[in-house]
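Listed here are the chains, written in short residue letters.
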Amino acid sequence: MGSDEILEWEEEARRLRRERADWEFIEKLPPKLKAALKYYIETGDFRVAQQIAGLDFEDFRELLRRAKVPIVL
Amino acid sequence: MSRASREAIADTSFLVDWAKYSKRDVLLKLFEVVYVPESVLRELKLPPAIDWVADCLASDAFALFTETPELEEEARRLMAMSRGKPLKRIDYPEAVCLAAGLKYGYVVLTENGGAYFAPRVLGLSVTVWRAFEVIVEAWRRGLVESLAEELKRYEEETLHLFRRRDWDYAWGLTRS
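Residue numbers (my numbering), protein chains in the order written: chain Y, 3 to 75; chain L, 1287 to 1462.
Hint data in this document are derived by calculation from the structure and do not stem from the laboratory. Values in this document were obtained by computation on a predicted structure and should not be read as measured data. In this text, a Cβ means the ideal position worked out from N, Cα and C, and glycines have one as well. Some clues are possibly wrong.
[Claimed, not checked] If we take Cβ atoms under 8 Å as the criterion, some of the chain Y residues that face chain L in the derived model are:
#1 Ile8
#2 Glu26
#3 Phe27
#4 Ile28
#5 Glu29
#6 Arg49
#7 Phe59
#8 Arg63
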């Protein structure tokens, strides 16, 4: 698998996360959680986003669900 | 995919979402045992994942995997390798699963991008499956009836989205 294919995958995943996210919900969140969700939507890096949020794995996964941000892989 | 090992090792990202899938027990028919690393088990705390994993451990469908110092060292080597490569970095619990897959031949079950792309980007000889590959294999073995319906069900129940390329692959399988 080349870099081009990974970049194409990243771009498709980012587009889907942006499109499906509940931005109204996200904008009302406390700054730390809002920043974490925006980071995840842009990068798809769950572990770093989880650290930004200061949440455990499952709590951050639940936050993604509430914000309607899909996992795309 | 059919030549894969009958043993698997699952990370947190896979278990947390797979446990929400109403046909989650097909996994138990695909593998003789699914190993759960201690570092993964420590991350599970909410139902349905923690309840399902506990039930599977009690019935011996799952087994606890204890990391050895050698495996931890290999996991950290993989994490270091992933930095600077064009993929999401691999973090510790996922790296443990990859290291165990490399050492013991287990199929690695993950929904983590870094772990999923690692074999191809880092040249690792390990089989990594997402829910997509698990459902395709379940369909091939006749454990689920409609591949498209199951993929859609998984998307809806877990808030996953499969990529266009995956859907194209699935349509190709069902037409052939």
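Results for each hint:
no.: 1; hint: Ile8; in the structure: holds (5 Å)
no.: 2; hint: Glu26; in the structure: violated (17 Å)
no.: 3; hint: Phe27; in the structure: violated (14 Å)
no.: 4; hint: Ile28; in the structure: violated (15 Å)
no.: 5; hint: Glu29; in the structure: violated (20 Å)
no.: 6; hint: Arg49; in the structure: holds (4 Å)
no.: 7; hint: Phe59; in the structure: holds (4 Å)
no.: 8; hint: Arg63; in the structure: holds (5 Å)
Of the numbered hints stated above, those contradicted by the structure are hints 2, 3, 4 and 5, listed in ascending order.
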